[in-house]
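As given, the protein sequences belong to chains A and B, one line each in that order.
The opening position of the first sequence corresponds to residue 682 in our numbering, with each subsequent residue numbered one higher.
The opening position of the second sequence corresponds to residue 11 in our numbering, with each subsequent residue numbered one higher.
In case anyone wonders, no lab produced these hints; they're calculated from the structure.
From a predicted model like this one, the values you see are computed outputs, not experimental measurements.
Where is the CB? At the ideal position from N, CA and C, for every residue including glycine.
All the given hints hold, so there is nothing to weed out.
Far from chain B, some chain A residues (derived; all Cβ distances over 12 Å):
id, residue
1, Pro1103
2, Pro1326
3, Ser1385
4, Asp1421
Per label pair, the in silico range of CB-to-CB distance:
id, chain 1, residue 1, chain 2, residue 2, range
5, B, His218, A, Ala722, 28 to 34 Å
6, A, Phe1425, B, Ser33, 35 to 41 Å
7, A, Arg805, B, Arg340, 37 to 43 Å
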Amino acid sequence: MKFTLNWLKDHLDTSASLDEIALTLTRIGLEVIGIENPAEALTPFVIGEIITAEKHPNADKLQVCQVKIGKDQLVEVVCGAPNARPGLKTAFAAPGSVIPASGEVLKIGAIRGVTSNGMLCSTRELKLGEDHEGIMELPADAIPGAPIGPLLGLDDPVIEINLTPNRADCAGVRGVARDLAAAGLGALKPLSFEPVSPAFGGSLKVVIEDQTACPLFLGRTVRGVKNGPSPKWLADRLTAIGLNPRSALVDVTNYFTFDRCRPLHVFDAAKVHGDTLTVRSARTGEVLEALNGKSYTLEAGMTVIADSEGVDSLGGIMGGMASGCTAETSDIYIECALFDPRRTAETGRALQISSDARYRFERGLDPQAVFEGMAAATRMILELCGGEASEIVVAGAVPEWKRTIAFRPSRVASLGGVGVPPERQRAILTALGCGVAIEGASFAVNPPSWRADIEGEADLVEEVLRIEGYDRIPETPLPRLRAIARPAVDAAQRRVPWAKRLLASRGLNEAVTWSFIDGKIAKLFGTTDSMTLLNPISADLSTMRPTILANLIQAATRNAARGYVDAALFEVGPIFNGSGPEGAGQSTVATGIRTGFAKGRHWTGKAKPVDPFDAKSDALALLSSLGVDPAKLTVDANPPSWFHPGQAGLLKLGPIALGTFGTIHPDILDAIGLDGACVGFTVDLGAVPMPRRKGTARPALSLSQFQPITRDFAFVVAETVPAEKLIRAVKGADKAIIVDARLFDLYTGPGVEAGMKSLAIEVTLQPAERTFTDADIEAVAARIVAAAAKDTGATLRG
Amino acid sequence: MSNGLETLRDRLLQAIAGAADLSALDQVRVEAIGKKGELTQQMKMLGSMEADARRAAGQLLNVIKTDVETAIAERQGALAGAARSAKLAAERIDVTLPAAPEGEGHIHPISQTIEEITQIFAEMGFTVAEGPEIETDFNNFTALNIPPEHPARQMHDTFYLPPAADGTARVLRTHTSPVQVRTMLNSKPPIRIIAPGRTYRSDYDMTHTPMFHQVEGLVIDETTHMGHLRGCLTEFLRAFFQIDDLPLRFRPSFFPFTEPSAEVDIGCSRKGGQLKLGNYGDWLEILGCGMVHPKVLEMCGIDSTRYQGFAFGMGIERIAMLKYGIPDLRTFFDADLRWLRHYGFSFLDQPSLGLGLTR
Chain A
682 MKFTLNWLKD HLDTSASLDE IALTLTRIGL EVIGIENPAE ALTPFVIGEI ITAEKHPNAD
742 KLQVCQVKIG KDQLVEVVCG APNARPGLKT AFAAPGSVIP ASGEVLKIGA IRGVTSNGML
802 CSTRELKLGE DHEGIMELPA DAIPGAPIGP LLGLDDPVIE INLTPNRADC AGVRGVARDL
862 AAAGLGALKP LSFEPVSPAF GGSLKVVIED QTACPLFLGR TVRGVKNGPS PKWLADRLTA
922 IGLNPRSALV DVTNYFTFDR CRPLHVFDAA KVHGDTLTVR SARTGEVLEA LNGKSYTLEA
982 GMTVIADSEG VDSLGGIMGG MASGCTAETS DIYIECALFD PRRTAETGRA LQISSDARYR
1042 FERGLDPQAV FEGMAAATRM ILELCGGEAS EIVVAGAVPE WKRTIAFRPS RVASLGGVGV
1102 PPERQRAILT ALGCGVAIEG ASFAVNPPSW RADIEGEADL VEEVLRIEGY DRIPETPLPR
1162 LRAIARPAVD AAQRRVPWAK RLLASRGLNE AVTWSFIDGK IAKLFGTTDS MTLLNPISAD
1222 LSTMRPTILA NLIQAATRNA ARGYVDAALF EVGPIFNGSG PEGAGQSTVA TGIRTGFAKG
1282 RHWTGKAKPV DPFDAKSDAL ALLSSLGVDP AKLTVDANPP SWFHPGQAGL LKLGPIALGT
1342 FGTIHPDILD AIGLDGACVG FTVDLGAVPM PRRKGTARPA LSLSQFQPIT RDFAFVVAET
1402 VPAEKLIRAV KGADKAIIVD ARLFDLYTGP GVEAGMKSLA IEVTLQPAER TFTDADIEAV
1462 AARIVAAAAK DTGATLRG
Chain B
11 MSNGLETLRD RLLQAIAGAA DLSALDQVRV EAIGKKGELT QQMKMLGSME ADARRAAGQL
71 LNVIKTDVET AIAERQGALA GAARSAKLAA ERIDVTLPAA PEGEGHIHPI SQTIEEITQI
131 FAEMGFTVAE GPEIETDFNN FTALNIPPEH PARQMHDTFY LPPAADGTAR VLRTHTSPVQ
191 VRTMLNSKPP IRIIAPGRTY RSDYDMTHTP MFHQVEGLVI DETTHMGHLR GCLTEFLRAF
251 FQIDDLPLRF RPSFFPFTEP SAEVDIGCSR KGGQLKLGNY GDWLEILGCG MVHPKVLEMC
311 GIDSTRYQGF AFGMGIERIA MLKYGIPDLR TFFDADLRWL RHYGFSFLDQ PSLGLGLTR
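Whole structure, please, built from the sequences with the hints as guidance.
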């Protein structure tokens, strides 16, 4: 919402400075987001009077002028304008000025041998108009040396406020003035409501089909108008706030839209068919050529004003081209109505029309001010365009808006946190237009017709507070619930930052990537259609991600394109599989990838490309940090399809899959465009069981006083036997004594039969009550070999 | 006799001193005091001597033996030291060679900032609440006093998903406020929560991304008023930005879910095109807040005649950008390794009020 300072002063009698006004506006909730004074750009330009103008010695079309730019100040300027003549007052630019039209800095220069100490300017050069036939011609009484801005009436700062959607009343300058007056910045000037006495009876009949869509409709004819350009004051006002003046009839409606928040519409009466206007729902398929030059196909439910031939305008949004006013218009029909805010908003949204009328109607107009609006607009049209007005045809009625709110002034302290004397509260509410009756300790408050947003006690607290000033509310510490605060997160929530820090400690960089990805990529990871956005911002951000792997592979691809091929990235965040009663299936997963080389070239050894065991190691470290005993995990070598079928697995705790790890399937890398090796892992944080330990005490630590011993076993086993199975068999041979079994060698080749492999395991044996005898050790070894043979068919390597 | 022994001693000591290495020294030892060594032989011969001569010779021999043994021990020490030195000298390497590089990981500024926020609000007795990012239209809008036709819905550029199986309209939450709704529906006052998380709006330009993070705050009890809101936010912002005199300005504003509503500005300076936070006279908008609207309380099953409280919401990227001098919002989501290394945090930088929020 924009207005100028002088426009504001039409409604507000104030001696406050612009700064005070701006600060107050922001303080009371009408946030000032811009103040621009067009005169400021013109500061360098002063009035110059041409004293003499003589022909340039070396050029036919140039003159050398002596220009008076101050009491005793004369400068010599070379000028090519045909209208440069002695006695002319015009705009003078001194050297160093920036010419608005070109943006260039004016320099002292010699023109054909004569030095020019400045420039005389045209309207166009100062960006004040299109005229470039000659230099500006200023009034004869202009004073040389004075700035031209004020002379041209341009010294009127334009104020822009950021209007919140609840304040329909301040979409008009008068509403802004009223708020400022209530805030003590002057007095609201009275508005006289003088109806225009009709010169003749009869106008178009009006039928409202649905009074909920249009509660009230006023119409009148004005005969014999003469449309033309608006007077300068009106054109200047509209120009200042960024509107193009069109013609007096159109400009008057725009003026009241901004002045009183009272949009009106003016039809060319000659172009209305029949003798009746009907306010009705559009019929689906009806077409309106709107005033913005665009054609709209309407749907049922949109409120239109129609004549016997069809739709003339979209109620509360925009008029139609066919019934629009032109320079030839002589009889007009003025419409001043109320339209339902909700329907106006829906229609505007559906048709994507933003208009100043819609902006106001969808916020809700003052229902009490319809007659006033009609009178004021008629009066101005008669003044500017002449003619005579008919009586007003009224359809519908002013909707009920009066209400009483029981308001306890004590609520300003108990809700607002600051005590304001009831008398002061009453004064504020009264100044805002409320009726206030004292009923014991309470007020009975009647909000004014223009404040539909005031619905209850809390709204009135805000009204008092914002006028009193939020800065008066003292900072009050929030009372402590306990002397020492308790943790803000529970055990499950705490895992998220832990997981992040664990992974970062392993050299992975945390990424935060979009929750949505390209639908084509999502399909490769098994998404469902229900996870595709109905209105994605672009095709590559169209579908809720079923995995973070794809995002990270994309990120690695971007990094590779920048020359950073070896990436170690992770993200802990949401994925969505579309399951569950609400159809979201959101879960929090930790996901990481490593690409390129795990170890680069180095003098200590060869470069090592990333391999699936890097990813397995990441996943196990994470699970272990979350309290899962890695020894209890099993690997199921049937990974999801986006992994390499032979180089990946699921990490399971009993039947529950906690995560995945392995080499990413080359088809996925091809689809995303990543070259080189890529391994990854996922851990579903929600699936990882919470440790069941109660309290903070650790279980008792029992330490053997006997030294453990180790023995190595080299087994030969079929190549298809998973190593994990053999290790498990070895460990299970005597759970009391065998405390660890580590696989330290894997061998195939000469000495081992084809189809077989050698696995060497170091077993740690812990004596409990006495040191082992040779017989003890032999007995355990025999059990180990037997268990391995039984579970895996392994034999000791000979 | 004694002259002969003196000579023997001198010869042995000479031999010990001349032993070039440990094995040569051992050879000398064997020859001197071994089973068949010269001194041993002399000792053995004592038995065949007269008593007086034996005493004198015995004493002399014991002295010589002690001298020899001491000399051997000393020589042994010297030779072992030299051998160790020689071995160490041979083991010299170029220690200026580079050690093997280790990949260094980093924590994203968003995570770090959320942990900082959590630390500060934990101190004020808040707990962390969470909610789903795919929300119902009711939780995201209706329960927050934003009916379908409300102009405020246009303030949110909402992403929509196909309706759930039961026909419920589904949206990507446009703010973290639905967590307020869920918390109030599922618990009884007093309530003191923050809800950090991802939010989504269909907007993508220099200063907007279709996904971003917010933190929501909600306090509901019987007495909390707007003064507490000011106090709480002032404490938070000063602790977070680590500026003890950071000024705050509350401006009246409008949100459908709060009444009264306020926007909060913090003090700053924009001199020379450089944004600097502090008490410098200029203002920067930082968050929106207000007293929870009675209609929202009622919609969430809380008696608005008895309970009241405040809510606030702020952009996490925004405050992270301000605190850490990150110039461009869009870079947060690009996963550029150079950016992550530059703006990221060590895993050891766990925010803590007791140990300092930020290193």
